[in-house]
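Following the hints, complete the assembly by docking chains B, C, D, E, F, G, H, I and J onto the known chain A.
10 protein chains.
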Amino acid sequence: MLFKVEMTVKLPATMTEEHASEIKLREKKYAQELQAAGKWRHVWRVAGSYANVSIFDVESNSELHNLLSGLPLYPYMEIQVTPLCRHPSSIHEDDR
Amino acid sequence: MLFKVEMTVKLPATMTEEHASEIKLREKKYAQELQAAGKWRHVWRVAGSYANVSIFDVESNSELHNLLSGLPLYPYMEIQVTPLCRHPSSIHEDDR
Amino acid sequence: MLFKVEMTVKLPATMTEEHASEIKLREKKYAQELQAAGKWRHVWRVAGSYANVSIFDVESNSELHNLLSGLPLYPYMEIQVTPLCRHPSSIHEDDR
Amino acid sequence: MLFKVEMTVKLPATMTEEHASEIKLREKKYAQELQAAGKWRHVWRVAGSYANVSIFDVESNSELHNLLSGLPLYPYMEIQVTPLCRHPSSIHEDDR
Amino acid sequence: MLFKVEMTVKLPATMTEEHASEIKLREKKYAQELQAAGKWRHVWRVAGSYANVSIFDVESNSELHNLLSGLPLYPYMEIQVTPLCRHPSSIHEDDR
Amino acid sequence: MLFKVEMTVKLPATMTEEHASEIKLREKKYAQELQAAGKWRHVWRVAGSYANVSIFDVESNSELHNLLSGLPLYPYMEIQVTPLCRHPSSIHEDDR
Amino acid sequence: MLFKVEMTVKLPATMTEEHASEIKLREKKYAQELQAAGKWRHVWRVAGSYANVSIFDVESNSELHNLLSGLPLYPYMEIQVTPLCRHPSSIHEDDR
Amino acid sequence: MLFKVEMTVKLPATMTEEHASEIKLREKKYAQELQAAGKWRHVWRVAGSYANVSIFDVESNSELHNLLSGLPLYPYMEIQVTPLCRHPSSIHEDDR
Amino acid sequence: MLFKVEMTVKLPATMTEEHASEIKLREKKYAQELQAAGKWRHVWRVAGSYANVSIFDVESNSELHNLLSGLPLYPYMEIQVTPLCRHPSSIHEDDR
Amino acid sequence: MLFKVEMTVKLPATMTEEHASEIKLREKKYAQELQAAGKWRHVWRVAGSYANVSIFDVESNSELHNLLSGLPLYPYMEIQVTPLCRHPSSIHEDDR
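Protein chains in written order, with UniProt numbering: chain A, 1 to 96; chain B, 1 to 96; chain C, 1 to 96; chain D, 1 to 96; chain E, 1 to 96; chain F, 1 to 96; chain G, 1 to 96; chain H, 1 to 96; chain I, 1 to 96; chain J, 1 to 96.
The following block holds chain A by itself, in its conformation from the complex:
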């Protein structure tokens, strides 16, 4: 089951660069694990923004929330979730 997830990162001005680097490192590792597991199917950078457009592939809303709330950057993100489904004009039976 697919969801479009849009994440925008807003780090507080008071966060030190070391702290930011450390979180981003963990974020990258976590993001790559979820991609490898097939849960986070696509992630693209929005040109000109500290933001991404992603496609998640999960069993349920709960699984989606668990994955997202586990993001190391989660406390510093604005996240918008849009549930998707098959489009009648798609040529793919199962477009992930």
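Everything labelled a hint here was simulated from the structure, so no lab data went into it. Being a predicted model, the structure only gives us computed values, none of them experimental. Warning: the hint list may mix true and false statements.
To be verified - Now the in silico label distances, taken between C-beta atoms and shown as ranges:
| hint | chain 1 | residue 1 | chain 2 | residue 2 | range |
| --- | --- | --- | --- | --- | --- |
| 1 | D | P72 | J | G38 | 53 to 63 Å |
| 2 | H | K24 | J | G38 | 25 to 35 Å |
| 3 | I | E63 | H | K28 | 31 to 41 Å |
As the list claims (entries may be wrong) - Listed below are the simulated PhoX-like cross-link pairs for lysine-lysine, each with C-alpha atoms no more than 25 Å apart in a straight line:
| hint | chain 1 | residue 1 | chain 2 | residue 2 |
| --- | --- | --- | --- | --- |
| 4 | J | K4 | B | K4 |
| 5 | G | K10 | B | K10 |
| 6 | D | K10 | D | K24 |
| 7 | I | K39 | I | K28 |
| 8 | B | K4 | A | K4 |
| 9 | J | K10 | A | K24 |
| 10 | H | K28 | H | K4 |
| 11 | E | K28 | E | K39 |
| 12 | I | K28 | I | K10 |
| 13 | B | K10 | A | K10 |
| 14 | J | K24 | A | K10 |
| 15 | D | K28 | C | K39 |
| 16 | G | K4 | F | K4 |
| 17 | H | K28 | B | K4 |
| 18 | C | K39 | C | K24 |
| 19 | J | K4 | B | K39 |
| 20 | D | K24 | D | K4 |
| 21 | I | K4 | J | K10 |
| 22 | H | K4 | H | K24 |
| 23 | C | K10 | C | K29 |
| 24 | F | K39 | G | K24 |
| 25 | A | K10 | F | K10 |
| 26 | C | K39 | C | K4 |
| 27 | I | K39 | G | K4 |
| 28 | D | K28 | C | K4 |
From the three backbone atoms N, C-alpha and C, an ideal C-beta is built for every residue, glycine too.
Showing chains B, C, D, E, F, G, H, I and J alone in chain A's frame:
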């Protein structure tokens, strides 16, 4: 080069059902040709809306505009375009 | 799997009262069937608006879209979908 | 008398983790007491957000305000209140 | 129990002046009956707009909805409802 | 001459509780003096918000501004002012 | 007593050019009478829009509403009213 | 003196294709005359929209308004005007 | 050439009262010099807000920017600029 | 390939003036290098704002993102990107 394109269809109340059906048929054919050509890489229905989330793969802004403005439903759509690029955390060299 | 669905009805000024009554009748029948089937778990009127707040309980985003797009008033509605999940402070294992 | 209440939590960047944990603990206890008392009938997590959708069942606007302003997280929440009533298509005489 | 209700009237361009006059006459009569009954405690015109700010005094959300949906201009109004309660700084025990 | 005034209080996270209490105490005293003087005719709490809906009765825009800018909480408020006048459907000659 | 008034004109697509011309002629005459009377102190066109920025000088909110609702284009306008008063940095005792 | 002007075209659903074509033809001729005269320095299509981003070079706000209000499509456009000036980091003395 | 300029002041919570007073004093002096020079033709306080509505009379966009960016409070202001021109219904040849 | 880029700078209140000056100096140097290289074709100041309107000329979305994210002020900017293409009414084959 990838773009997220979000399209929302708003048919005027005065359009006859025959006219609408005829346009939608042409729309579907056109959409499937662009998918087959690899230009329109993904198209998903937004659950609960007459809208889609799409990923286009084009050579330039001009090509994107030509494809979109050729949509039979183009005069009845609100379209939002977001330029995308590779995300540093993506595990795919070329995530389309 | 639960979704909050908010629907606002906007009938075109050109629709005759007979047409409106006929659609609303079918809408009511359809809504009650989905409630009886346990798919549309709650529906409340928003005080002062031709709108409702609803809770749907479905297997997937696709099922949700199929149910919503089958609403006789669907072409005249603005619909907002929010995916829900269990709240850690809920005292109910399964709050539907 | 039912109200939809949507709460979004925004903790200040300067709050220590200890302080946050302590408030959240009190929040959970308070929320569960109100649920047990039948005042807070439903609470769901919004997938991907530090936010909830809730249904309150109270005698009056005043009682609602007293319950909400007693929330330990109240100073850090954006709250939206929507008064609800029976929907004419509901199959439940009293849908709580 | 008090509610602030803000109503903005938007008559369709296709409505004849006779039709508009007839509805407005019924609206005025209805509004004055509710005022006389103590349900519609205040109604003020917003300077420069075909809109009003009102205070309703009702037993429940349902009663409020019934009164508002009975307005002859109801199909042509945008209505916003805000539940009110006693302010701790008010010098009136019961400020209606 | 009446104005609807809506005030929302946003205290900075850095304000001490003592400071906040002291300002609120002065705010309450000031608000009650203006009510006693007939200038601040109504004040209601918005259910679920640190906000109020008020009706002011003043001689001029200048008097209104002087009263509002004298509020101890003025630097921490978002204020919206709406000029009101007699509604043609009001049953009161002078509805304050 | 001064008010900033911003008016944007939106003529319905169905209005004939004759009808529009006739209303605009009456609008101009009315606007010039109010200017000559000193009530409508300034009127400027917003560059690139069918809109104006105006300063009205009236005795009360009621007088303002009467003047504005008497505009021949009133039914086709979106109007925003902002109450003004003397600025402490103004070098004019009475800046109209 | 430069202005960024953004124009979005919204043709009414009732306009015939002949009428639209005739207006667009005049629009193109008018736009090209202004470009040739150096008044309309740049015009770009927004990819995916019936809209443009333009740079005008005029003597005054009045000249800008006269040029824009002379557009054959003017009654069907939403126009946003932003006054520009030399940027301190520009390497061009006079960047038109 | 006239511009409507709307300025809203937002002082950071961390600014000391001494610092604020010193800036405001310089702001007032600067504002009065520009008024005396005929550049800042009108300035009005918005009732109930730390904001003003102003009319500037300048030779060019650049002059306007230079004047505004020289305001001592400039770093703490949100500023909106609207280019104005003569209204065809104005009875003044040159309404400043 | 052209993009309109709008940048608004928001420096945190806690940044020292020295730090701000140092960043702005690097920003200017970087901006001028990109202009000299033909990548940043136009940059204009928005009158009355710490903001610019720019036209970038790049090979791809990725190149655009790399250039923008390399801006020394990037962490303190809100950036909006709009893909542009040739307008059918442009008299320039290649309007940069």
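Taking the hints in turn, this is what the structure says about them:
1. D:P72 with J:G38: 53 to 63 Å: holds, 58 Å
2. H:K24 with J:G38: 25 to 35 Å: 33 Å Cβ-Cβ, so the 25 to 35 Å window holds.
3. I:E63 with H:K28: 31 to 41 Å: holds, 35 Å
4. J:K4 with B:K4: holds, 17 Å
5. G:K10 with B:K10: This hinted pair holds, its Cα atoms lying about 21 Å apart.
6. D:K10 with D:K24: holds, 12 Å
7. I:K39 with I:K28: holds, 15 Å
8. B:K4 with A:K4: Cα-Cα ~11 Å, so holds.
9. J:K10 with A:K24: holds, 23 Å
10. H:K28 with H:K4: Since the Cα atoms of K28 (chain H) and K4 (chain H) sit roughly 19 Å apart, the hinted pair holds (cutoff 25 Å).
11. E:K28 with E:K39: OK: K28 (chain E) and K39 (chain E) at ~15 Å, within 25 Å.
12. I:K28 with I:K10: Answer holds: K28 (chain I) to K10 (chain I) is near 16 Å, not above 25 Å.
13. B:K10 with A:K10: Not OK: K10 (chain B) and K10 (chain A) at ~34 Å, beyond 25 Å, violated.
14. J:K24 with A:K10: holds, 21 Å
15. D:K28 with C:K39: violated, 29 Å
16. G:K4 with F:K4: Status holds; Cα separation ~17 Å.
17. H:K28 with B:K4: Not OK: K28 (chain H) and K4 (chain B) at ~30 Å, beyond 25 Å, violated.
18. C:K39 with C:K24: Holds, because 20 Å separates the two Cα atoms, which is no more than 25 Å.
19. J:K4 with B:K39: holds, 24 Å
20. D:K24 with D:K4: holds, 22 Å
21. I:K4 with J:K10: This hinted pair holds, its Cα atoms lying about 23 Å apart.
22. H:K4 with H:K24: Holds: K4 (chain H) and K24 (chain H) sit about 22 Å apart, inside 25 Å.
23. C:K10 with C:K29: holds, 19 Å
24. F:K39 with G:K24: violated, 41 Å
25. A:K10 with F:K10: holds, 21 Å
26. C:K39 with C:K4: Distance ~12 Å between K39 (chain C) and K4 (chain C) Cα, so the pair holds.
27. I:K39 with G:K4: holds, 20 Å
28. D:K28 with C:K4: This hinted pair holds, its Cα atoms lying about 22 Å apart.
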